[in-house]
Amino acid sequence: MELIKLTIDNRAVEVEKGTTVFHAAKKLGIEIPTLCYMNLADLNIEHKPGGCRVCVVEVEGRRNLAPSCATECNEGMVVKTNSMRVLNSRRTVLELILSDHPFDCLICAKSGYCDLQNMAIKMGVRSIPYQGEKSTYKPDFSPAIIREMDKCIMCRRCETMCNDFQTVGVLSGINRGFEAVVAPAFERDLDHSECTYCGQCVAVCPTGALTEVDHTPQVIRALADPTKTVVVQTAPAVRAALGEEFGLEPGTLVTGKLAAALRRLGFDYVFDTDFAADLTIMEEGSELLDRLGRFLGGDKSVKLPMLTSCCPGWVNFFEYNFPDMLDVPSTARSPQQMFGSIAKSYFADKIAVDRKEMVVVSIMPCVAKKFEASREEFKVDGNPDVDFSISTRELAALIKGANIDFNTLPDEDFDKPLGESTGAGVIFGVTGGVIEAAVRTAYELHTKKTLEKVDFKQLRGLEGIRSASVDFDGVEIKIGIAHGLGNARKLLEDIKAGKSEFHAIEIMACPSGCIGGGGQPLHHGDSSILKARSKAIYTEDELKVLRKSHENPYIIKLYDEFLGKPMSEKAHHLLHTHYFARKLKHIDID
Amino acid sequence: MTSVKLKLKENDVKKIQEICKSFNNEPGELINVLHKTQEYFGYLPAEVQEEVAEGLGISVAKVYGVVTFYSFFTMLPKGRYPISVCTGTACYVRGAEKVLDEFKRILKVAVGETTPDGKYSITCLRCVGACGLAPVVMVGDKTYGRVTTDGVKDILKEYENE
Amino acid sequence: MTKIKSLADLRNMKADLQSKIALREKSDNPEGRVQIKVAMATCGIASGAKEVMEFLVEELDKRNIDAIVSQTGCMGYCYAEPTIEVTLPNQEPVVFGYVDSKKADDIIEKYIKTGELLEGIIPVNYEKID
Amino acid sequence: MAKFKTHMLVCGGTGCRASASDVLYENLKKEVKEKGLENDVQVVTTGCFGFCEQGPIVKMIPDNTFYVGVQPKDAADIVAEHALKGRKVDRLLYKDPVKKEHVPDSKHMGFYKKQIRIALRNCGLIDPENVNEYLAADGYEALGKVLLEMTPEEAIQIVIDSGLRGRGGGGFPTGVKWKIAQGVKGAQKYVVCNADEGDPGAFMDRSILEGDPHTVLEAMAINGYCIGATKGLIYIRAEYPLAIHRLKVAIAQAREYGLLGEDILGSGYNFDIELRYGAGAFVCGEETALIHSMEGHRGEPTFKPPFPAESGYLGMPTNVNNVETYANIPVIFNKGAKWFASIGTEKSKGTKVFALAGKINNVGLIEVPMGITLREVIFEIGGGIKGGKKFKAVQTGGPSGGCLTEKHLDTPIDYDNLIASGSMMGSGGMIVMDEDDCMVSVAKFYLDFTVEESCGKCSPCRIGNKRLYEILEKITKGHGAMDDLDKLRNLSNVIKDTSLCGLGQTSPNPVLSTLDNFYDEYLAHITEGKCFASQCKDLIKYEIIPENCVGCTACARNCPVNCISGERKQIHLIDQSLCIKCGACMEKCKFNAVTII
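Protein chains in written order, with this note's numbering: chain A, 16 to 605; chain B, -4 to 157; chain C, 5 to 134; chain D, 12 to 608.
By construction, these hints were calculated from the structure, which means they are not laboratory data. It should be emphasised that the depicted structure is a prediction, and the values quoted were computed from it without experimental measurement. No false leads were slipped in.
Which residues of chain B face chain A? A few of them, derived with a C-beta cut under 10 Å, are:
hint, residue
1, A41
2, Q44
3, E45
4, A56
5, Y59
6, V62
7, T63
8, F64
With a cut-off of at most 25 Å between alpha-carbon atoms, the simulated DMTMM-like pairs for lysine to aspartate or glutamate come out as follows:
hint, chain 1, residue 1, chain 2, residue 2
9, D, K548, A, E148
10, D, K401, B, E92
11, D, K156, C, D13
12, A, K511, B, E49
13, A, K149, D, E484
14, C, K7, D, D283
15, A, K514, A, D314
16, B, K93, D, D549
17, C, K7, D, E267
18, B, K73, A, E202
19, C, K18, D, E140
Beta-carbon label-pair distances, calculated as ranges:
hint, chain 1, residue 1, chain 2, residue 2, range
20, C, A12, A, V93, 53 to 63 Å
21, D, K418, A, N79, 24 to 34 Å
22, D, R386, C, A26, 30 to 40 Å
23, D, H119, C, A19, 30 to 40 Å
24, D, L253, B, D145, 24 to 34 Å
25, D, E391, A, R26, 55 to 65 Å
26, D, D549, B, D145, 21 to 31 Å
Every residue, glycine too, gets a C-beta built ideally from N, C-alpha and C.
Kindly generate the complete structure, drawing on both the sequences and the hints.
Below you can see the structure in the form of structure tokens.
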């Protein structure tokens, strides 16, 4: 490998050829500030439009300043990152950006988490010398995401996520010059676009331009209402990330503290979505075995591969983009919805509470879950199975607002019966986890043998598209895994073209699965955080006594007492769903 | 961008599909396709852009992003007599701004707008390269050179009874 | 049109076509060339100036003399028509009267080729006609 | 074949066409036929003569008579008098604005005296829609020589030796650019001609494409051979219909002759050209933006490197040159690098085409050797300032350039001197301003353009230029403060220093150069609330001088907002609260009774 020597701020450094000045400086401990640059190296997402111009540095021999994020190091290069010229330019550029930004920082949803705010603090900006016209846009309130483009600084990260990574293609830079902004087609609201609400735009937005809809007030109101029984469920990925909001190292597992905090917030029953994940495996795994059995038996009408359906962003995506393939995904509802459905039937009956008096709150790493909870098909007489879905970030805000010192909380357990889960339920939170959980159960159900080694390492990892095969006692089951909707699209196109050899495919909309969800604490473009969260999830799995969904005693009990068996009529009614072709057409043809 | 709705007829849709096909439905030909469709419809309403997106297999947002980037593309129908005032430098220093103001004053519409009766629209044009005739005004394909504020009335008079 | 298949073809073609614009190129650089003006007003045409002009154009070309032949209005020597004005490079213009084909031939062979003066020069202090 | 004794060259450029030169052409043909002169007189449509100020132009060959402002109805006189009887039609001759005399032919016109036409050599000489005329004018000779007698390396060396630099604005050495592109490997390479002439007030590229399209095709083929490309693309403004038409005709003719296509001139080399259309975005003149636009994207520039030579159109090695640059190429091969390098200055060789416009007598397109002074261009070729007013400034380089003054008039024009003077060559726009132009307003005009044309990708250009514009507007409205001048300067420097592409890196030039050269005007606006040129509406008032007013009512009748009161034969009065400062009253008053204070 070719090495290059250069000098940055009078210090020599040696880097590989192709390294940018930004990274070379980092090597010397020099943090060059930037607003638009984003590098999710493990996911092959590097966004360096060179647009914000905050990261400019002085390169000897160059006429003008160079953006360090896009400038590659050359042999003998002499760089200054903090000369008067650089500092003045950087400050002026920042002042310019601030001059076109609202000053409502105190009440902004991103306050405290905003890259722009942090930079202004760091640089000690005390006045904006260049006042002038500010851009104004109508705010856009969709069921899951809020767009306040007055706060957009044109870093274009959201575009990269939406178009290049997710291939959803809802956002584009529009207009030009001072009027330029990122928006859906015809500046329609997201609600009238093909947005999947995956929330990756929200996850990478450096300012308050893109945020999730805040449901915490409704949750607080429900908690304060003595007539309501408030039940909470918390998704697997939440426990691997919530700690970051309280200053804990990324990857710190806070399962016990999480349960304790929820209890202190006043939830009547503190349950776990992992329970519903186990339930999902029972239904989805059975469906897979059913399809597989018929297929291997020569039934040509069977659709294979079967695709997982627990990710709501992914469900939205295929409803918009593959309306002719709605029979390919599993009909099983997502864990969030299975939980809501069971809570408001089986559990409500058990505690003798009318479903109308029960409020189900879900804590999700996701913003698409907000939309999913609002779907008509998940309501009974207008009453939703899940009343409110809040993100990991919203939960953190609730905890902070309730004067709870999270870090000193004791570890507590979830309540029973809907709080008990296996390791299979936990790994739903990371890419490959759902299919691994399904394999653990399907293997045993299919072969009637006990699985000795439950870890299927071949299904794990962060590569965008992975494939592996699992030996079902002589039958080779081919499995595909994709995370990120762009990767999912590739697998879907293959199926459409009849080229897919897989029997089952797991798809997650977000990079590295739910742990990288749009509702998680912001990773600010640092993919090592995602890796740490992934590790935490697998640790939790390993710590569990039970690691196969069908061994969950409360699941067994649920079937015994209420559902009968997987895929029963009752199970179909409560735990399965159907999909809608949602290709948007605004065209009236005369 | 402000826009005017258009209800597409079946053969309009066909026409757009034909245009896309004539460029092999190649996404890279987006700008050429938009030129051709605007030539046909006179403007590019949302409905047309959606069909173009479909025809080229790209997102509508992308099409809209391109349409709003280039000043040649418009989502508003032009008047029957589209008036373009050159505001290039040569015309500017020879009084194009006053001429433009006069058109705006008489027709009571702003730049980029069409009169309510659909007769005239006013746009600004970058240099047409007829700097010798500055300031230059075009009405449709007809060029008027050395236009003065007084001349504005005379130009409009030509179209009075049409 | 047929395809041009080689550089030689191209050059042959150019040689054929050159005359098309030769006059334009020559008149753009009149310096160093023989310039002849034929008076072509009514009186000139009546006395055969057109024929003289055609003769000059043809013959100068045939004899490979780099010259520009143009027409001009009445020079004021109606008695001596047809008249032509010949300007050799770096010399004062000279006007010849009563020019017919034969005389024109003489002018080419003697005055233009060798600078030898002939009879029939109209020696006047006239103003140069543009 | 008829041997024509007279050629009538009728300008068919956009400017003259706009004044009905196409009708004139038809009329001339008709008259020639009626007079039975078809075998003596050839009527030809040519490209632009450059003298656009007084179009339509008809030039008579061989006597170079130069008729200006010719109307279709003048065809009869030209044929009957000039073609038939050899008598010039005096009233159509160009009149010297100083001497007030008719000028007999183009050789005596100051406008042409100092010009050397290389890039424009065929404009106004040949019929652009007739490939045979181009062939007759040494057309495709250079291509033939390069393809059959030279290696790409030899050909590139000739371009390097000529010293030719990019004429689109940057001034990068063309041969070096080709050499870089040649050195990069790629499955498919491209040659792109940048014909997205967006600089308001510059129209040389259009004139070349309209007047001599084949020269661009020939040069692109040479370029293609040199770098190993087989495909050429011309990115042209959709607003140039005539140029597009002529290019299409030229491409078709060249293909028919086998001068484009496969196995050109038996050399085994294949090359073809397609057109791509711009859609109205100035920033697409920047090569990376241009490439994105050709690929069907928003024309946003990207950071270089990678340069297009490494990764250009569709990610392939691409060489982009501008129209005028290409127009020089065939001549360099025909006349030699040495000949070319003998023209111009030490570091800027050859000629440059300038579009002269503004307050100058001879508006038009000129081609002059590098090293000529602004004084020669403005006062000799341009014929001085219109209406005998006083010269104030000349803006070169379009929105990216700066305003130069009296003190720069004797500086030889070349790339480096212009930059040293605070302006730039740009694409060659040259706008002359007189004492009636307010330099703060001029800076504001350019900023208005930049704000409109910024792509919005990078912060300093997107927001900074807007703020510059706002500060300038504040000053022209009389609300400026002294610290605004510091802000202008700091902002300008930062925008130049930090912007992503050439647009932002040069957009503050009009501000900086006017600040440097016309500081007193800025001061007057701020401290005294005065605009020397009386251009800033908010700083002036129209008033009636009672002593001079005779009460003719002309001003009142012509006031568009009826804000002038007064009976017949009584002194009139302007209601300042209603006045829109259009100046109509002043124009109409025959008694000098309206004044600006």
